[in-house]
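With chain A fixed as given, assemble chain B onto it according to the hints.
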Amino acid sequence: MELQSKIPAGKLADKWTDYKAHIKLINPANRRKYEVIVVGTGLAGGSAAASLAEMGYKVKAFCFQDSPRRAHSIAAQGGINAAKNYQNDGDSIYRLFYDTIKGGDYRAREGNVYRLAELSVNIIDQCVAQGVPFAREYSGYLDNRSFGGAQVSRTFYSRGQTGQQLLLGAYSSMAKQMGLGNIQMYSRYEMLDLVIINGKARGIIARNMVTGTIERFLADAVLLSTGGYGNVYYLSTNAKGSNVTAAWRAHKRGALFGNPCYVQIHPTCIPVSGDHQSKLTLMSESLRNDGRVWVPKNPGDTRAPQSIPEDERDYFLERKYPSFGNLVPRDVASRNAKAVCDEGKGVGSSKLAVYLDFADSIKRLGKDKIAEKYGNLFDMYKQITAENPYEMPMRIYPAVHYTMGGLWVDYNLMSNINGLFVLGEANFSDHGANRLGASALMQGLADGYFVIPYTLGAYLAEGGFDKVTIDHDEFKRVESEVRGRVDKLLSIKGEHSVDHYHKKLGKVMWDYVGMSRNADGLKFAIEEIKKIRDQFWQDVRVSGDPAGLNQSLEKAGRVADFLELGELMAEDALHRNESCGGHFREEYQTEEGEALRDDDNYAYVGAWEYKGENNGYQMHKEPLVFEEVSPSKRSYK
Amino acid sequence: MKITLKVWRQKNAQSEGKFETYPAHDISPDMSFLEMLDVVNERLIEKNEEPFAFDHDCREGICGSCSLYINGRAHGPKKGVTACQLHMRSFDDGETIHVEPWRAKPFPVIKDLIVDRTAFDRIMESGGFVSVKTGSAPDGNAILIPHDDAEMAIDAASCIGCGAWVAACKNASAMLFVSAKVSQFTLLPQGHPERETRVLDMVAQMDKEGFGSCTNTGACEAECPKEISISNIARLNREFIRANVR
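Chains as they are written, first to last, in our numbering: chain A, 1 to 637; chain B, 1001 to 1246.
Read the hints as simulated data drawn from the structure, not as lab findings. One or more hints might be untrue.
Taking lysine-lysine pairs in the DSSO-like style, the calculated list, with each CA pair at most 27 Å apart, reads [claimed, not checked]:
| # | chain 1 | residue 1 | chain 2 | residue 2 |
| --- | --- | --- | --- | --- |
| 1 | B | 1133 | A | 15 |
| 2 | B | 1011 | A | 488 |
| 3 | A | 503 | B | 1047 |
| 4 | A | 351 | A | 320 |
| 5 | B | 1011 | A | 33 |
| 6 | A | 493 | B | 1047 |
| 7 | B | 1006 | B | 1078 |
| 8 | A | 58 | A | 24 |
| 9 | A | 252 | A | 530 |
| 10 | B | 1078 | A | 369 |
| 11 | A | 58 | B | 1133 |
| 12 | A | 200 | A | 467 |
| 13 | A | 200 | A | 24 |
| 14 | A | 382 | B | 1002 |
| 15 | A | 382 | B | 1078 |
| 16 | A | 367 | B | 1079 |
| 17 | A | 531 | B | 1047 |
| 18 | B | 1047 | B | 1006 |
| 19 | A | 621 | A | 611 |
| 20 | A | 382 | A | 11 |
| 21 | A | 20 | B | 1133 |
| 22 | A | 523 | A | 369 |
| 23 | B | 1002 | A | 503 |
| 24 | A | 507 | B | 1047 |
| 25 | A | 382 | B | 1079 |
| 26 | B | 1018 | A | 504 |
| 27 | A | 611 | A | 200 |
| 28 | B | 1133 | A | 24 |
| 29 | B | 1018 | A | 369 |
| 30 | A | 531 | A | 611 |
| 31 | A | 531 | A | 252 |
| 32 | A | 367 | B | 1078 |
| 33 | A | 493 | B | 1011 |
| 34 | A | 488 | B | 1002 |
Next up, chain A with everything else stripped away, as it sits in the complex (with noise of 0.2 Å):
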């Protein structure tokens, strides 16, 4: 199989314009003969249904949640980048795109990314025409802030909470169309698979989460927008419902998986409080702009941190690398932590802990300025911890926050599977091996706003759809297949719950597909995930009946998923013999201890396809090439 990028060719600056320019269009009054599901209705997602209903496509919107505003891009805290250049200080679509292409360390599609710098400004004007409330300078002007991997200050916000914000302006687009009859909501239903009649994705089975029905729905194209994978290590900053469900299954009928193993690890979150822990808070990127990253220099003080003196504490982001300092890269960020507590010199009850200190900005800006910038984020911290960061400085260690690895897509954001789109977090496309803060607001909106509405009319405008209805063959095989399975989870009725398997999984791949990696450790996890997927499969307990709502079947559903998915992320983490980004492997790195990138072997997207039950996986390899920027050694000294 080869792998088409379909990047248009022309100037990398040109290459988005002339698309547009000559692509084929569908004519207004032909779209609402057009049927689109749309999957997942957070940023990507939403943006993408209220545009497309916009523009008089038919669309119907699937969400788990009980309804769109709840998706998980609404806990996004710190902001969204936009090359505006609003604050004179050298930004440009130019700099953002090779600030995103450096701090995916290379390994992503300058094409898509350029693309994504272009169309950041029209989301900042989108998102204000849709009055959301973003923060403002006295004068009544924007204001910006800065976060990890750049030196221009081009971060849009609306406190701590501008996912919320960006959201809740996607979702009230949507809202208007849902009132307008073009979008039709299916809130609390689960994509359980995917259905592929004649080449092309023309519907999806779901489960009725109320009822417990599982139903057919038909369309011209199918867009997942199904957020990340995080949640396989179990404890992640990701919400308790998100899933891989919907990709997995994308993946299993044919859709390829493009480089699962670049993980997230995110610097700034709460520490782990003990066995009960549910799921992980962050503290927002943004902290980073004014608290100050420090351990003590001796292993094993346990001095409170307020009487431990100036010269006695480690600054060690600022030490090691001055010209970022706090502000580092992620992966840089979250490394570095680690490494500073394997020597002994964490904080906290757990040793598992660095400080984050906001004494200096305090006195520099005044108790209420910080407030302003943060407030939301401290009484979070206080309200978890107990302990209040105003006085104390926070504890704060890395987690398991966004997945970079994703579906397959080209240009157009489509997957091999003709019709298959995949947008936002769900895929793989924009971010290499490592995402740079307020950079996924950006990239689910550019897709969803701006992209598709463009790459899905070029698709329809193809032709050759077939006239079908549900009562296609296809559609009654797969949907026979996902009862099989709903029945096969509930008939097991063994001795240990979803959560037990889960959690096992997770630690599993927390220890060995976590933030540093090697063969060993990911070879033994192999086996490990194998061992724990066959045990889950014979001893599962999933408690109640197939009608109604029934959380345990959910639950069910979505573990066995990731359990398969673990093992396809060592296999693809265990075959990339080099470090780039979040993919650290111990047997790849610099004196220093930095990431060492294998620009010869393994400057491609490592993309997989499932080959059936028994069979694994194979890899297709798309090269990267770089027309514009030399990949160079990623230096934030």
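Quick look at chain B alone, frame taken from chain A:
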């Protein structure tokens, strides 16, 4: 810690519900309330009993899925937090804790502690938006917004749509929710062309869904996990009157 849980169990909207008692031992004060429920549910599964269902998702107080009425209070005893941010250290050892779903006619129970809140989506569909098609926006800095107006708009826009105020209000009023949305768009210049139709349509839909009127007792403000101010309701009333006389 050792506590006794009394949890509302109800098979579906049609059946009758009742409290069931579950003693819970070995509860850590550092657990969140939902983590405590997880632990109790895991123990039910071990005993081959069906765990109780409750809505939850982000577990960091922003998605608004949580909808638990704890010891007679929406989101429990602590001010300004959702149930997922409530920790067991806020309860006494040996305490009996009642957990119920939101109680309001427009929120029918789906199962156990889960209610149907789609009425909020329908209110939003009636007018909770600024009509701007993708691609038609001017430059972001072409619309100037005074700093303090933007801050007040964010205060209003912080609403997470959980429904605590409906559950807390003896009239099951949704006015804090509606007023927060109306306020956001009244305070910002972007929403002005639809200022009158928005408030009239949203209030009409709110009434149609069966939510009651404001009692002026302030229970909503007291129970709102995001501490949305009741002054938004005053603004809603002003906007409603203004729209009616124009």
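Going down the list of hints, with the structure as the test:
no., hint, verdict
1, B/1133 x A/15, "holds, 25 Å"
2, B/1011 x A/488, "holds, 23 Å"
3, A/503 x B/1047, "holds, 20 Å"
4, A/351 x A/320, "holds, 22 Å"
5, B/1011 x A/33, "violated, 41 Å"
6, A/493 x B/1047, "holds, 12 Å"
7, B/1006 x B/1078, "holds, 19 Å"
8, A/58 x A/24, "holds, 19 Å"
9, A/252 x A/530, "holds, 17 Å"
10, B/1078 x A/369, "holds, 26 Å"
11, A/58 x B/1133, "holds, 16 Å"
12, A/200 x A/467, "holds, 12 Å"
13, A/200 x A/24, "holds, 19 Å"
14, A/382 x B/1002, "holds, 24 Å"
15, A/382 x B/1078, "holds, 13 Å"
16, A/367 x B/1079, "holds, 22 Å"
17, A/531 x B/1047, "holds, 25 Å"
18, B/1047 x B/1006, "holds, 18 Å"
19, A/621 x A/611, "holds, 16 Å"
20, A/382 x A/11, "violated, 51 Å"
21, A/20 x B/1133, "holds, 19 Å"
22, A/523 x A/369, "violated, 50 Å"
23, B/1002 x A/503, "holds, 25 Å"
24, A/507 x B/1047, "holds, 25 Å"
25, A/382 x B/1079, "holds, 13 Å"
26, B/1018 x A/504, "violated, 35 Å"
27, A/611 x A/200, "holds, 19 Å"
28, B/1133 x A/24, "holds, 21 Å"
29, B/1018 x A/369, "violated, 50 Å"
30, A/531 x A/611, "holds, 20 Å"
31, A/531 x A/252, "holds, 21 Å"
32, A/367 x B/1078, "holds, 24 Å"
33, A/493 x B/1011, "holds, 21 Å"
34, A/488 x B/1002, "violated, 37 Å"
Of the numbered hints given earlier, the model fails hints 5, 20, 22, 26, 29, 34; all others are met.
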